[in-house]
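K.L.:
Knowing the structure of chain A, use the given hints to seat chain B on it.
In order, the protein sequence lines correspond to chains A and B.
Mind the numbering: the first sequence is residues 0 to 344 in numbering that gives the first Met the number 0, read in order.
Mind the numbering: the second sequence is residues 0 to 245 in numbering that gives the first Met the number 0, read in order.
I should point out that these hints are in silico values taken from the structure, not numbers from a laboratory.
Keep in mind it's a predicted model, so treat the numbers as computed, not measured.
Be a bit skeptical, because a hint or two may be false.
Below, simulated SDA-like cross-link-like pairs (lysine to any residue); rule was C-alpha separation at most 25 Å, straight line [claimed, not checked]:
1) B:Lys170 x A:Glu256
2) A:Lys47 x B:Ala138
3) A:Lys103 x B:Thr60
4) A:Lys247 x B:Lys61
5) B:Lys147 x A:Ser72
6) A:Lys163 x B:Gly123
7) B:Lys147 x A:Asn126
8) A:Lys318 x A:Gly200
9) A:Lys47 x B:Ile118
10) A:Lys239 x A:Asn301
11) B:Lys151 x B:Gln125
12) A:Lys247 x B:Asp223
13) A:Lys247 x B:Trp139
14) B:Lys63 x B:Lys147
15) A:Lys103 x A:Asp71
16) A:Lys286 x A:Asp316
17) A:Lys247 x B:Val132
18) A:Lys239 x A:Ser293
19) A:Lys247 x B:Lys170
20) B:Lys170 x B:Ser220
21) A:Lys103 x B:Ser220
22) B:Lys61 x B:Asp236
23) A:Lys201 x A:Ile35
24) A:Lys61 x B:Val132
25) A:Lys45 x B:Asp82
26) B:Lys208 x B:Thr30
27) A:Lys247 x B:Gln125
28) A:Lys37 x A:Ser221
29) B:Lys147 x A:Ala251
30) B:Lys170 x A:Asp246
31) A:Lys41 x B:Gly123
32) A:Lys103 x B:Trp139
33) A:Lys217 x A:Met277
Derived contacts from chain A toward chain B, CB cut-off under 8 Å, selection only [said to hold, decoys possible]:
34) Val129
35) Asn142
36) Leu145
37) Glu146
The calculated label-pair distances, taken between Cβ atoms and stated as ranges, are [unchecked claim]:
38) B:Ser126 x A:Ile339: 28 to 34 Å
39) B:Pro186 x A:Lys45: 40 to 46 Å
40) B:Ile188 x A:Lys45: 44 to 50 Å
Even glycine gets a Cβ: it sits at the ideal position worked out from N, Cα and C.
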Amino acid sequence: MRNKTTVILLLVCIALLAFTANNYFLITQNDVTLKIPKGFPKPYYKFKNNTLSPEVFVLGRKLFYDPILSKDSTISCASCHQRIAAFAHFDHPLSHGINGLIGKRNVPALQNLIWQDTYMWDGGVNNLEVQPINPLTNPVEMNESLEHVIEKLRLNEMYAAEFKIAFNDTAITSERILKALAQFTGLMISADSRYDRYIDGKDTFSTSEKNGLALFRKKCASCHEEPLFTDNSYRNNGLKPDPSLNDKGRGAITGLEFDEYKFKVPSLRNIERSYPYMHDGRFRKLKDVLDHYSSPGNFAPNTAREMYEIGKLSEPDKKDIIAFLLTLTDNTFLYDRRFIDPFMQ
Amino acid sequence: MKIIVTTILSMATLLVAMSFTGKPTGEGKLTIAFDHYVDDKVLQFDSVLYKNELGQSFTVTKFKYYIGNICLKKTTGNKETTDYYLINEEEPATKTISVGNIPEGEYTGIEFILGVDSIHNCSGAQSGALDPVNAMFWAWNTGYIFLKLEGKSPVSKSPGNIFEFHIGGYKQPNNCIRTVSLNFERPLIISTSAIRELHLKVNVAEILKTPTSIDLSTLSSVTDFHNATTIADNYMDMFSVLSIKQ
Chain A
0 MRNKTTVILL
10 LVCIALLAFT
20 ANNYFLITQN
30 DVTLKIPKGF
40 PKPYYKFKNN
50 TLSPEVFVLG
60 RKLFYDPILS
70 KDSTISCASC
80 HQRIAAFAHF
90 DHPLSHGING
100 LIGKRNVPAL
110 QNLIWQDTYM
120 WDGGVNNLEV
130 QPINPLTNPV
140 EMNESLEHVI
150 EKLRLNEMYA
160 AEFKIAFNDT
170 AITSERILKA
180 LAQFTGLMIS
190 ADSRYDRYID
200 GKDTFSTSEK
210 NGLALFRKKC
220 ASCHEEPLFT
230 DNSYRNNGLK
240 PDPSLNDKGR
250 GAITGLEFDE
260 YKFKVPSLRN
270 IERSYPYMHD
280 GRFRKLKDVL
290 DHYSSPGNFA
300 PNTAREMYEI
310 GKLSEPDKKD
320 IIAFLLTLTD
330 NTFLYDRRFI
340 DPFMQ
Chain B
0 MKIIVTTILS
10 MATLLVAMSF
20 TGKPTGEGKL
30 TIAFDHYVDD
40 KVLQFDSVLY
50 KNELGQSFTV
60 TKFKYYIGNI
70 CLKKTTGNKE
80 TTDYYLINEE
90 EPATKTISVG
100 NIPEGEYTGI
110 EFILGVDSIH
120 NCSGAQSGAL
130 DPVNAMFWAW
140 NTGYIFLKLE
150 GKSPVSKSPG
160 NIFEFHIGGY
170 KQPNNCIRTV
180 SLNFERPLII
190 STSAIRELHL
200 KVNVAEILKT
210 PTSIDLSTLS
220 SVTDFHNATT
230 IADNYMDMFS
240 VLSIKQ
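One chain only, chain B, in its complex shape:
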């Protein structure tokens, strides 16, 4: 009798315990804001003069780029996504994206690519962020333009003193896809109770420096594979974590 009671009791506790651990953990949501800067000043188009490392002044008239394959890192089980986003300074709504269905937990960092991976470069007609109407597509040498930075500089020898960096290419040796990996100082805690906000600083000035200081008087136009990887190596480190609101 006693044995039966204990068995039933222990089975009941086991069941209760199982129902707790077996239950899928909750999921939360994160918004990621891309805050555009030129060094420590908030990016403004047209009117504001900035200076590169060589002291050459320039203005910015266009800034847009693709982000994809976002991965939130956790000691056990990362949250991976396969979506692409076109972040465009001209359209403020595109500068904040949101990632849903993130399992609860403490995340230690974020990884994503700047660019479009080779599968999506070869997949034919696509829609949404990857719709070729977004003018981020090369037709004659198929592939997405990963990043466009355009502006003016008095030292540029291009017509109208413009400079234009249209960077793309998914094939070696001109592969311009760059993986960005950022660690959080304190863990980002995802829970069902609140939407977290991650702010990334995107420093346009970095596109023109480290490792290669760009001299706008000699390099003012990159619109195919020539010099593209130089710029890609520069833009790789333009992201940093600005703040986490939780």
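Extracted from the complex, chain A is given alone in its bound form:
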């Protein structure tokens, strides 16, 4: 009798396990409901004319991880945007594309994108939906044409079915591809780091972290504004232009001399993971960044005024600021099951 109950219990347990494993990766309506984190402002991208749905999100995720989007089917969005690096490129100063070609900029982290009013280091892209046309058609990234991507997807049976599930008919258009990708990248929200929980009164900071936050608020927050850690502006933070790239940043977009060598203030969330740093990936360590920030003598011409207000940072100050920056690592986001490669599930 006892044996029988144990067997039954065991069977129930196995069934339950199998069931949850199957459901672990299932995307539900709740998974794609936009929840604005406490303290965050209104987003710029509101999923207008792109109603969030589990099916479209799942399609967007598949497209993000599928090398079918590149000319020789070797590079996917995720080749450059790796989840464990907060969707930046781990340890690569300049992006690596098709045939090993090197791009001219460092891959930024993808997070809280819907709160950005523009995209790219120079802010050249004005809407999240049209951003992917850049890597898709860039000869040193994926080197594809939109027409050809559409053609390849149309010939692929899996996608014919996926588009039908997502949009109720089988039409595969650039608009649908781009909107599906925007659902996937738009929901990459990081708002559950130790910093967030500290602000919410749910976690504590060490003395060093507390001091780091205080220093940060005094010296850095005028550009890296909380809670997004960017004010979405373009600034010159003192980096001397690399003559081999001569990247004029914002100036190449607006044509104004006033904007030359300015770059978008990046968010600092998950900064521990998204190294190397800056638009050209010139710094490998946070320590290198802080050494730069505290050497006004080395700043480039036309450096932003606020940069000179930072002044010299003592070594303990640098340590504390770094200790604080490490509290911005958000494991809830980095290990979110919704963003895991569907081809590995």
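P.N.:
Chain B in isolation, oriented as in the chain A frame:
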């Protein structure tokens, strides 16, 4: 008794009259043909040599542009539309567009923009004429290319003697959207009984002149905001009314 009869009668006439005036007027349809010329010659690709104001010869290999926000003007109540059309010499079907649901009446002119307004430049992924697969879209500095004119000229210093004018930009100071306003000599009468045909002459030569005469030996490539508004000021007056069939 008499009073009652007159009241009923007058009320009946009033009702009849009301049913006439209150009835929505009929609606008609207009087709607009964009007839491409180089001065007084019909545009032909590749083989035909044309000359600009400076006497520099050139051929044309590509010509396409966006038209939108068409407005037909009437003394009372204009007919406004919000659609966009990509007119492409290479695809004859795109060179005639049709505007429906136009209230009956006498129209005195037409207005439209050459380009894409700022809202549609910022609206993300779109379909139809505004689908980025139409190769009229800049990805790196988001925005539609409003007009593409490409060709060859022996004086051009670009590789292969080509010239290419890709004009776009919706933000100041590089705004290349131009409003075109044309008056009809005689009113265009829209009625339910027939489809009207408006033919516009589009003179490619105007892109290279007035106000600025383009020297193809020094300016053979415009593919971003540099020099873009110069070309835009030129293309603004490339349209004129050729004929109205009614």
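K.L.:
With a cut-off of 25 Å on the C-alpha distance, tell me whether Lys286 of chain A and Asp316 of chain A pass.
P.N.:
holds, 11 Å
K.L.:
For a C-alpha distance cap of 25 Å, please report whether Lys247 of chain A and Lys61 of chain B respect it.
P.N.:
violated, 32 Å
K.L.:
Checking one constraint from the list: CA of Lys247 of chain A to CA of Trp139 of chain B, max 25 Å. Satisfied?
P.N.:
Holds, because 14 Å separates the two Cα atoms, which is no more than 25 Å.
K.L.:
Within a Cα-Cα threshold of 25 Å, do Lys47 of chain A and Ile118 of chain B meet the stated pairing?
P.N.:
holds, 14 Å
K.L.:
Quick check: does the Cβ-Cβ distance between Pro186 of chain B and Lys45 of chain A fall within 40 to 46 Å?
P.N.:
Because 45 Å falls inside the window, the suggested range holds.
K.L.:
For Lys47 of chain A and Ala138 of chain B, compute the direct alpha-carbon distance and say whether it is at most 25 Å.
P.N.:
holds, 21 Å
K.L.:
Taking only the CA atoms, is the gap from Lys103 of chain A to Ser220 of chain B under or equal to 25 Å?
P.N.:
At roughly 24 Å apart (the allowed maximum being 25 Å), Ser220 of chain B and Lys103 of chain A satisfy the hint.
K.L.:
Against the 25 Å threshold, does the CA-CA distance of Lys170 of chain B and Asp246 of chain A hold or violate the hint?
P.N.:
Roughly 22 Å separates the two Cα atoms, so the pair holds.
K.L.:
Straight-line Cα separation of Lys239 of chain A and Asn301 of chain A no greater than 25 Å?
P.N.:
With a Cα-Cα distance of about 10 Å, the restraint between Lys239 of chain A and Asn301 of chain A holds, given a limit of 25 Å.
K.L.:
Starting from Lys201 of chain A, check that the Cα of Ile35 of chain A is at most 25 Å away, please.
P.N.:
holds, 19 Å
K.L.:
Verify the proposed pairing of Lys208 of chain B with Thr30 of chain B, using a straight-line Cα cut of 25 Å.
P.N.:
violated, 29 Å
K.L.:
Please work out if Lys61 of chain A and Val132 of chain B have their alpha carbons no farther apart than 25 Å.
P.N.:
Between Lys61 of chain A and Val132 of chain B the Cα gap is close to 22 Å, so the pair holds against 25 Å.
Consistency note: the structure conflicts with the earlier hints numbered 3, 4, 5, 11, 17, 26, 27 and 35.
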